[in-house]
Every structure is written in C-alpha cells, then in structure tokens.
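Chains A and B, in that order, give the protein sequences.
In case it helps, our numbering puts the first sequence at residues 1 to 556.
In case it helps, our numbering puts the second sequence at residues 1 to 299.
Since the hints were derived computationally from the structure, they do not count as laboratory data.
Any given hint could turn out to be false.
Claimed, not checked - Non-contacting residues of chain A with respect to chain B, defined by C-beta distances greater than 12 Å in every case (computed):
hint, residue
1, Glu-37
2, Val-147
3, Phe-288
4, Asp-453
Stated by the list, open to error - Taking lysine-lysine and the DSS-like style, the derived pairs with C-alpha atoms no more than 30 Å apart in a straight line are:
hint, chain 1, residue 1, chain 2, residue 2
5, B, Lys-26, A, Lys-362
6, A, Lys-198, B, Lys-117
7, A, Lys-377, A, Lys-38
8, A, Lys-365, A, Lys-338
Cβ atoms here follow ideal geometry from the backbone N, Cα and C, with glycine treated the same way.
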Amino acid sequence: MNLLEKVRKTIKEKYSGSVLGDESPMNTRLFIDIKPEKVREISNEIIDLGGRYLVGIGHDNIQRDGNIGMIHSFGFDNDDFIVLLRTAVPGDNPVLDSITPDIPGAGWSEREFMDLLGMTFTGHPKPKRLILADDWPEGIYPMRKEVPYNLVPPAAEDVAYQLDECPEGCSIIPVGPFHTALHEPEHFAVYVDGETIKGCDYRGFMTHRGIEKLCETEVSYNEIPFIAERICGICGSVHATAYAQAVEMAGDIKVPVRADYIRTLMLEIERLHSHLLWLGVAGHLIGFDTVFMQAWRIREHIMWLSERITGNRKTYGMVIVGGVRRDITPDIRADILKVINDVEKDLMVVHKSIIGDSAIHKRTKGVGYLSRESAIKWSLVGPVARARGIDIDVRRDHPYAAYRDVNFDVPVTDTCDVWGTLLVRLLEIYESNKIIRQVLDKMPDGPILTELDEVIPALNYGISVVEAPRGESVHFVITGEENRPDRWRVRAPTYPNLQGIPEMLLNDQFADFPIIVGSIDPCFSCTDRVEVVNIKSGSKGILSKSELEEISRRNK
Amino acid sequence: MEIVYVLINLVIFLALAPLFEGMVRKVTARVQSRMGPPLIQPYYDIIKLLGKENLTAGNVIFNFAPMMAFAAALSVVCFIPLGYKANFLTQYADVITIIYLLVLGGVAILLGALASKNTFAMVGASREMVTMIMVEPVLAMTFFVGAVKVKSLSIDSTVFSVMNNGFTWSAALMMVLYLMALQAFVGKQPFDIAEAEQEILEGPFVEYSGPNYALFKYSLMLKRMFYAALFVMVFVPFLHSGIYALDILLQLIGVAFVFLFIALIGSTNPRLRIDQAIRYYAVLIVMSLGAVGLSVYGI
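So here's chain B without its partners, still in its complex pose (with noise of 0.2 Å):
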C-alpha cells in the first residue's frame, strides 16, 4: 500500500506543476499592465506541443535527450516526502540521489543542446553547464546543514531536520541563501541566463519543437515545482498538521506562495549576464559553506 503515496507524489505533480507556472505568468502579466494569458495555458501549450510533428536533428541523443531530463524530474519527484511523511521509496535513496537525479536532468539538457549541434544551442549549453557547476552547491549544502544535525544523509530525517529540531542560525542563514538562490535554481529572470531569449534565442531549445521540446518544458515546470516544495518542506515545518490530505493542502498553498515571490522577483529584474550572475553565485557558495559550518558546531 505504501506505493500509492509514491503514485499520489506523483499525481499531485504532473497535474499541478502547468498551474503553477501558468499562475506565474498570470502574475507576471498583472505587474505588466496585461491581461495576461489564462491560468491553464500551460496546458494548452504542452497539449498543442504534444500533438505536434517531432522534428529531429537527425540524432539518437537528440531525441533521447527531453526523455532522460523528463525521466530523472519524475525520479526526484518520486522520492520526497511530499505532506510531511516519507513514501515507500524515500528509505532507499538519500540526499545523494536527489541531488545526482537533479544535475541529471541538467545534463539531459546539455547533451540535447550539444546533439542539435547549433551556435546558439552550444553558447546556451556552456551556460547552462557554468549555472549547474555553480548552483548545485548551494542545493547541497541545504541538505547538508540538516544532515549535519541529524548525522544522517537520508531524505526524511535530513529534510525534516528543521521540523524536529527548530530554526538554528545556521538553518536561518541558509533559508536565506535558498532564497536567493531560488530564481537560478528555477532560471527564472534575472538568472535564466542559459534561455536568454534576445540573446542566444531560448538557448540549449533552440532547434526543438513538437514532443521532444514538450518533455522538455515539462520537466522544467516539475524541477521548479520541486523546488518550491522543497523549500516549504523543509524551512516552513509549521504548516504540519499531521493530517495528511490537510499537510498536502497546505503544503501546496506554501508553495503557491513561492511561485508568488518568484514571479515577482522575475518581472522586476533585468536578466544579468552569466559573468555578472558568476560573481554572485559565489558569494551564495561561500555563505553557504558557512552555514554548514556553523551547523557543525551546532549554532
């Protein structure tokens, strides 16, 4: 029966993660002045997508590429606690998995920016490749501040380290970088420097179109939904009410409400450029590795 919580994980975000990102550009219209597409587009764009003629750069990789980055974001998907409570799989991965799974789904996306074989693609490929070199770190050391804690890697007690034990300074801080870090972790502006539509138009997609490119804006609506959750799952704990429908529920409003902050965020900044956003991610690195560190001694 313990799988079924694995099926709802996965239910809850094929089907919402479109809504989130179709509120996200619903928001970011309202900041424009606009009415702004309806909430459901999203849908209506991976639909139209879907039914379209898949047109290939001639390559196995190329067509193989949006599958594995689709595959590894419903992989991560699969094992979080999602409602406060660990599924039948979380026991057997650990935060190593996650982490693995997530850069992954970044290399699926290098490999199908370097099959399509373009200009425009490989510029949004070495970008693409820099943001994950930089950013992953970050990820880590959020499970690692919980880790340290709780003296284990596995994904329950690591993400739920701040639910049982309480905010420590060290978790404060990196709540903080987490949320700076957030806008690059779902490249949105100003850091969705690898898409850079005026620049080096949508990037690593450039030459993809139809399913393939389907797949691909599909497992970048889960990775940011993820993401979201992630943050409320593990800095906002007080929403756990122990019911688990109810969890899930408030769970979801958490994270709608970081869908919120990133869009705002997104519609009032200028994209930097990558060696701008470079300098930047460094500084969150470094603080980062601070944070662990004050955790380790246990502030």
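Next up, chain A with everything else stripped away, as it sits in the complex (with noise of 0.2 Å):
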C-alpha cells in the first residue's frame, strides 16, 4: 500500500465522523472533504504523516451553497503526491479553528483570508492586517465575489503600521519602505540592542494590486499567463507554467511533449539568470560590488540569448495553456549551446574565487542561523531549505514538464548559514546548465500546442508546485463558468521564506539585516502578487512622460 492510500485509510478510520468524502482524481492529488469542527487534528495528523504545509485557499462560494470554502494543502516529498484538505464554513459565520499554533507556516494563509474574505480563526497567535493597508475600511473584504475588482474605497488620514511591541531596552530601526538594501518597498521594524538584533516585524503588501481578483473577474483563461508572467520580474516563466500546468491538470488538457522540453528549457534559462542575479545582489548587500559586476556581467550574457530566443530580455510571454508559443530553432539550439559553455567557464572564475575568499566566509558563515527543526517548522522551501538539510526540490519530488526525462542533482549542505544558501545556488547554476544541455539532446520533433477547442469544465481543482529559483511555487485553480478561473491562488516562494525571517535574525549583528534577508533571494512583489494593468475598454496605448506625470499628480 502506498502512502497515499495510508493517509486516506488512516484519515478515514481515525475521523470516521468527521470526514465528508475524498477523491483521487489523478495518483499524485488527495483531496479529502473534513468537517470544519475536525481541522486542526487532521492537519496535524497529515504533518505527523510526513506532508510539508504548502498553502492555505480560502475562496467564496456563497453564491453557489452560502459557504465560505478554506483549503489547506500539504505536499508529500518523498511519495509525490498532495493531499488537499477542504473544509467550508457558513458564509454568515465563517469561524474556524486556526492551525497556526502548530504548523506556524501557514499563519499567513490565515492572516490573508481575515483580510480578503472575513474570516475568523479562533486561536490565531497574531490576528493582524497582513495584505490591506491599514487604512481599508472594515467590513469590506475584496476576495468576495459582491466586491467589484476596481473598489477603491477613500484614503483615511493618520494611519500607521500596527506594529509589534519594543522589547524593553532596545530601539527601533526602521529600515523601509525605502532603504537601498530592501530593492522593493516594504517595511521591516528591527529591534536593536546596541547593534544586536533582538527581534523584527513586518509589514508588506505594499504594492498589492488583487490581480487574483482580477483575473477571476475579468479576463479568459489563455489571457492569465501573461499577467502570471508579470507577478516577478524575475521568475516570471515560473508563475506563467504553474498556472498554465494547475489549469492543463482541472481540464484534463494534454501538452505536446516538445512543449513540455521547451517549458523546461525556458524554466532553466531563467535559473541561471535569477541565480546570476542573486550573486549579484548578495555581493552588493554585504559590500563587494565586485562580485556585483562581475555576476552581471555573466548574466547578461545570458539575457541577450533570452532576447534571442522569445523577443525579451525577462518576461518571455512563452507559456500559455496547453503549450508554448514559440519553438527553438536548430540556429538557436547552437546559440544556447555556445551562450551555457560560456557562462560555465566565466562562472568557474567566479565560483573559485569566491570559495577562496576567507572575507566572504567571514561575512556570511554562522549568520543567519537558522536549525533544520525550525526550517521545518516554518515550511521553508528552495535554496533556504536546502542550506539547512532538507533534502526537497519539486523538480525531483514532484517532477512536471520534462523533468522526468534529466538526471540532476539537488545540492544540499547542512551549514544552516547564508553561506549554505551561497553554496546551495552555485552549484545549482552547473546543474541547470546540465539540464539544458539534456533537453536540447533529447527534444523530440512534433507540435508545440494543443488548441484549447472544448470548453474547460466548471468546478474542477488543479494544483500545481514548480520550482522556482527561490523555491517552490504554487498556483491553484478552480474552474469556472465564464472562460476564465473562479478562483486562483498564488503561492510565491518568498512567501513561507520571508515567515521564517525573524527568527534568521535572531542575536545577528545589524551589519548582517541586508545580507540575511538577502539569503531568501526575497521577491516581495511575488508575496504582494503586483500587477499593473490599464483594462480601460481594450484600449492599447503608451502613455508618455507627461501623461505618466499627470495621472500620478491628479490621483495623489
């Protein structure tokens, strides 16, 4: 017996009271129905399991039966598979237990569904704002269906962060919404003891635009890739394939294998350039803009060939439902080719210096602490996990795409320390360079897309994990009626990682903030889900400086 039949028998025989039905609808996905009272243990059994919390769904269906639904996720590394565990509660009292107290991972799940749809959890260790300013009105929550996607309810004067308590003794060092180590806005409070750092809170969300609301509201289906592209400028291939692979899953719609390479292919570039650029970026933090240069000198080698390939440097607008939109070319096959063994030998210079550098050591061993217990405990994913022990990357565990057909290997070391995070994303970049090399080996002739003719059927579920530089994605569906999603959930990387954070800082010297928070490669804009979109009446157009300059002045 499997383990995904155990869970469902042991599931089923321990809460035989409690559990409403389950399906299996593919042999990698478990969703079981729980009564709302039952939550917390079966969550709790499902961790003691072996799962991994994932994300939490809240998505209204008042219209539909007057329940609110709230769906918690749990990936099985080991046995690729993920059980989703869903609940509703009544619309007019959507009170459930939280399971915060013990799987603190998913606190922020929680928190975001207090905000957009009014729940309650009882038993929430901190049930404050998380993603609306904190001067949106009561009362409303934006993620229920009645709220238009374009509210915009009246700015209130003198509001300010609901911050945590001082510890007595310290000071407070405000270091955003804008501080040069930050790159996006967002507020962290540091509590200092002299220059030690004796705790830290956070408030973001700063640039959250609802574009999950908008795409449930306003746009078709092949329209969301592109705006998924544009939740990371960075990761951006990433979000456009989760979708598309969560929404190929709710329709039963299968990709050509030659699509299937090409998505890999695309997802590998934009490792390479993501990892350059985080080498970068870690040099920069802790004062070495050598390593800056000389990182992004490699990379940039590497966004030419993306520009050769799709058109742009970053956002390759490649993936779409059912396939991919452009193919390679046996031209550039060569080029990527020729591109990988240049950025390999460059790097090899880089990488060795880097390791023989006892500055950097000293910069970055012991700081950031953080044990493999704790990393555990907070859901932590990606290249931060990977530093601390844990042994988990989807490409391996949950494999997608083409994944199933390259040998690679997953890097890990147990250092614990920004400097395992270092190590962790070098090799990682020899490693996609293998991958690469593979795909374009063993790429099969044939289509590139499969047309979407028959209508996607309503009320189907997907869920789908990607590796993303940063760690695992993951996107969730719901299908709906009108061509389009009736729900959509993001989860970035950055958004478990960033909830580890305070803990990382823990008695590290100020000095160690930038480069500390800097080791989770953070992608705040990904956690906020940004998206800027003029939808106004279809109408296309460049708006010059000057208009730029009056829209701002005239909304201020």
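Dock chain one against chain two, each of which comes alone in its own frame, and use the hints as you go.
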C-alpha cells in the first residue's frame, strides 16, 4: 500500500465522523472533504504522516451553497503526491479553528483570508492585518464575489502600521519602505539592542494590486499566463508555467511533449539568470561590489540569449495553457549551447574566487542561522531549505514538464546559514546547465501547442507546484463558468521563506540584516502579486512621461 | 616668504584630492569590468553639490559640522612638510596637534550625525566613534616610533626620522602596520563600516545634501590624501632628491601608488562587521605598541 492510500485510510478510520468524502482524480493528488470542527486535528495528523504545509486557499462560494471554502494543502515530497484538505464554513459566520499554533507556516495563509474573505480563525497567535492597507475600511472583504475588482475606498489620514511592541531596552531601526537593501517597498521594524537584533516585525503587501481578483472577474484562461508572468520580474516563466499546469490538470488538457521540453528549457534559463542576479545582489549587500559587477556581466549573456529566443530579455511570454508559443530552431539551439558553455567557463572563475575568499566566509558563515527543525517548522522552501539540510526540490519530488526525463543532482548542505544558501545556488547553476544540455539533446520533434477547442468544465480543481529559483511556487485553480477561473491562488516561494526571517535575524548584528534578508532571495512583489493593468475599454496605448506625471498628480 | 609654502600645500591638496578620488573610482571600475566615470568626476560632483539648495535639519550644529570638518582637514594640510621641506607653520605645531586636528574632523562628523537626529546617522555615528578610538592610536604610534628615535615631538624631525636615521626593525614593522590600517584610515572597504550604504545608508551623512555634503566629501578626500602623503613622507624617504619642485612631484607619484593600493584592496574585499573590525584593530594597536617598544630599545 503506498503512502497516499495510507493517508486516505488513516484519516478515514481515525476521523470517520468528520470525513465527508475523498477523491483522487490522479495518483498524485488526494482531496479529502472534512467537517470544519476537526480541521486542526486532521491537519496535525497529516503533518505527522510526513506532510509539508504548502498553502491555504480560501474561496468564496456563497452564491452556490452559502459557504466560504478553506483548503489546506500538504506536499508529500518522498512519495510525489499532494493532499488537499477541503472544508467549508457558513458565509454569514465564517469561523474556523486556526492551525497556526501547531503549524506556524500556515500563519500568513490564515491572516490573508481574515483580510480578504472576512474569516475568523480562533486561536491564531497574531490575528493582525497582513494584506489590506491600514486605512482599508472594516467590513469590506475584497475577495468576496460581490465586491467589484476596481473598488477604491477613500483613503484615510493618520493611519500607522500596527507593529508589535518593542522589547524593553531595545530601540527600533526602521528599514523601509524605501531602503537600499530592499529594492522593493516593504517595512521591517528591527528591534536592536546596540547593534544586536532582538526581534523584528514585518509590514508588507504595499504593492498588492489584487491580480487574483482581477483574473477571476475580467480576463480569460489564456490571457492569465501573461499576467501571471508579470507577478515577478525575475521568475515570471515559473508563474506562467505553474498556472498553465494547474489549468491543464483541472481541465485534463494534454500538452505536447516538445512543449514540455521547451517549458523546461525556459525555466532553467530563467534559473541561470536569477541565480546570477542573486549572486550579484548578495555581493552588493555585503559591500562587495566587484562580485556584483562580475556576476551581472556573466548574466548579461543570458539576457541576450533570452532576447534571441523569445524577443524579450525578461517576461518571455512563451507559456500559455496547452503549450508554448515559440519553437526552438536549430540556429537558436546552437546559440544556447555556446552561451551555456561560455557562462560555465566564466562562472568557474568567480566560483573559485568566492570559495577561496576568507572575507566572504567571515561575512556569511554562521550568519542568519536557523536550525533544520525550525526550517521544517516554518515550511521553508528552495535553496533556503536546502542550505539547512532539507532535501526537497519540486523538480525531482513532484516532476512536471520534462524533468522526469533529465538527470540532475540536488545540492544540499547543512551549514544552516547564509553561506549554505550561497553554495547551494552556485552549485545549482551547474545543474541548470546540465539540464539545458540534456533538454536540447532529447527534445523530440512535434507540435508545440494543443489548441483549447473544448470548454474547460467548471468547478474542477487543479494544483501545480513548480520549482522557482527561490523555491517552490504553488498555483491553485478552481475552474469557472465564464472561460476564466472561479478561484486562482498563487503562493510564491518568498511567502513561506519571509515568515522564517525573524527567527534567522535573532541575535545577529544589524550589519548582517541586508544579507540575511537577501539570503532568501526575497521577491516581495511575488508575495504581493503586483500588477498594473490598464483594461479600460481594451484600448492599448503608450503613455508619455508627461501623461504619466499628470496621472500620478491627479490621483494624489 | 615662508608662508608661500603653506599656500603651496593648500593649493596642491585642494586641487589634487578629487583627482586621486577619481583615480580610485576608475581603478575600481576596471577591476569590476566597467568603463567607470571620467577621472575628473569628483570635481563635477563637488561643483554640482555646491550649486544645490542647502537643506538643513533645522539647527546650527548641523550646518556648523561640515565647516568644522573641512577646516580641520585644511589645518592638517597646512602643517605637513610636503616636498620633504618643513614650512613656516610646521615649527609651531607638533605631532599631537596633527592627531588632535584629525580627531577634530571625526568629531565634526559625529556632531553632524547627532544633530541630524536620524536613526541611521546615530548608528553610523557610534560606528564612526568606535573606529576613531581604535584607529587613531595606530597613527599616533607611527609618529611615536619616529619621535622616540629623535627624542622630539616636532613634526619635521618625527616625520623625517626614517629619512635621517634609516630603517630600523621597528620602523619597518610600523610601515606594515600602517598599510594594514590604511583602509580604515581612509574609510574604504573593508572598513567603510561607518557609512555602509547597504545597511545604514551612508550613516552619518544620510541627512546631508548640497553644499554641506560637498564640504564633508571634500574634507574626506583631503583626509585620504593626507594619509597617503604621510605614508610616502614617513616610509618612502628615498624619493628625496633635494630639489623642492621635483620632490613634490615624486611625492605625488608616490601618493598615486598608495591610492592604487587603496583601490585594489577596496575593490577586492567585502565590508566587515564592526565587531570583526574591532578585533582586527585591537591586534593592530597591540602590535604598534610593540613597535614603539622596539624603538625605545633602538631596534
């Protein structure tokens, strides 16, 4: 009996009164419907069976059955399946037990739906606002279906961040919303005693523009990949692929093999550029600009390559539901191989000098320490987890696209610090090169796109995970009636990793703050899901500088 | 007529300090595979800053501090025997005066930081203070190694101790220590801890802009050039030819080499944390005390 059956059986036997049903549309997904009262016990049971908390998904179902649904999802990495725990609470009294006291990684997911759906999670240790602005009026829950996507409530004066109490004897150093170490608007209140960090509170989601809402109300299935791609300026392909795979799973759409290979190729090219970008930023954050400049010099060749393949340096626009939009020609193939070889050669020089540089060791070893147990507790993902001895990688554990057909290693270290994340990322660049070479070798001929001829049936569930450069991205889709998802939930890798930051910072020096936050390769925008889309009357136009200024002044 | 030599000192330092800064930037850019700004970019920077509006934090000390720092740097420049030739003012001061004036420049930065009442400036000020306390002793010992030899604290005899008496073991040790402390003297990586752009946003200078900031920048450039020139005067006496103009030229070439050294070290090191730096400084202080001890025994 495999583990999936064991989970199904254990839950059904132990909580027979609370389980309403289960289904397993494919052998890698298990949906269990439960009564809301037992959500905490059953979640704990799944964690005990070996599950890793992925993300919580709340969705408004009031118009259909008067309920608000809450889905907790768990990954089983050694056995390649995902368990989704479906439950629902009445829309007029959406109260559910919090699972955060036992599973801290669920903290943000639950807070998100307190803000967006007006749910209440009893026993949540920190029931404060997470996503909505501090001046957003009480009682308006944007993800409810009756709230229009373009609602703009009046701004309030004199609102301040509701931050935690500063510990006694400490002073506050405010970092952000604008700070050189951040690159994106977020606020950290860092509590320091002298220069030693004693605590930290986070207020983010400042660029939250509600693209999930937008995509559930305004656009169609095959427009979303392009919006999804713009969630992140660095790992856009990841989001487009994850979304497309979730829809393909929900609608049972078969993707041509060649398309899978091209997706894999683009994901790995993206990883190359992203890791080199991170390496540069990390150098900059410890005041080592030579590493910054050299890493970005190497990266530039990948940007040019991307431009030759897709027409864009970034935001490739390659992936849509059913396949990809551009093929790889023999010319491009030769080009890719040449660039990959050059990058590898250049990188070896940088790699060698970083490994041998004792000053870099001084700034990164033992810095941002977080034990393996804590990393599991916070369900950290990606290189941050792999630097702490947690051997997870979605590409190997839940293979998608063409990853089943290629051989690669997953570098893991157990230094539990910033140095470990640096090392893991460096080694992953070589693995990416390896994957790209295999993909180009094995890529079969054939079509690259399955046209969406048939209507995708409504109320099907799809969840897909994709290994972004910074960790695992989760996309969840419930199909809807109007050629668009009824619910689309994105969880970027920074979402769990950022929750572990306060513990990493504890008792480190303030001087190490930038590199510790940098070590998770934070992508705040992914977390915020920023999107600026002008959908007025479908007209497309380029705004001039003066027009932009005019708009920004008018809305002030 | 002797006063002319003081003016020559001032003119050379004021005219060339930004050039050496530009050189450091150019060399750094080359190491980083960049084109880099033009050599004379720091002049443009200063001129541009001087032409901007002077924003203040609303108190007198905030405006007074940059002037104090600039004045202190200029005063130091007046006293030093550039071109291996003591000038009119040199006899009226001793090495204690030089150390005092250099500390005064640091104190001015502290005052400005505290007057700006910015959290990042405060952090920067405390780092600046620690750096000053830990690094100035190394400078003092440099003078004392020479002073013990000639049994005088006057500037010219102390500075020219190596030139007149030749290298001793203690002087050689001191030279190595001076080079090891040089990045901290000039506030470049790995010891640009007080300014640390990525952590505390230029620290003490975070609130400064316009002419006030230009004065701080200029005084820092003067200070850097002073430390480079001091190294050449004390430890590279064989550039001495006896012809005043030629001596100055040779000395400036020496200074250029010191700046090349600064740029190369600065561009190949990350910034250290203040706690790591303190440990490093402590070793330097103990060893420089050792050098003074050796010189007492005439070694």
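Q. Is it true that the CA of Lys-377 (chain A) sits at most 30 Å from the CA of Lys-38 (chain A)?
A. Satisfied, since the Cα-Cα distance of roughly 21 Å is no more than 30 Å.
Q: Measure nothing beyond the straight line between the CA atoms of Lys-26 (chain B) and Lys-362 (chain A); if it is 30 Å or shorter, mark the hint as holding.
A: Holds - the C-alpha atoms of Lys-362 (chain A) and Lys-26 (chain B) are around 28 Å apart, at most 30 Å.
Q | Outside-interface status for Val-147 (chain A) - nearest CB in chain B farther than 12 Å | A | holds (39 Å)
**Q.** Non-interface label on Phe-288 (chain A), tested against every C-beta of chain B at 12 Å
**A.** violated (4 Å)
Q) Regarding the pair Lys-198 (chain A) and Lys-117 (chain B), is the alpha-carbon distance no greater than 30 Å? A) Roughly 23 Å between the alpha carbons, so the hint for Lys-198 (chain A) and Lys-117 (chain B) holds.
**Q.** Distal placement of Asp-453 (chain A) relative to chain B, Cβ over 12 Å
**A.** Per Cβ check, Asp-453 (chain A) is outside 12 Å of chain B; nearest 52 Å; holds.
Q | Straight-line alpha-carbon gap Lys-365 (chain A) to Lys-338 (chain A), limit 30 Å | A | violated (35 Å)
Q) Any Cβ of chain B at or closer than 12 Å to Glu-37 (chain A), or is the non-interface label fine? A) holds (48 Å)
Checked against the numbered hints listed earlier, the structure breaks hints 3, 8; every other hint is satisfied.
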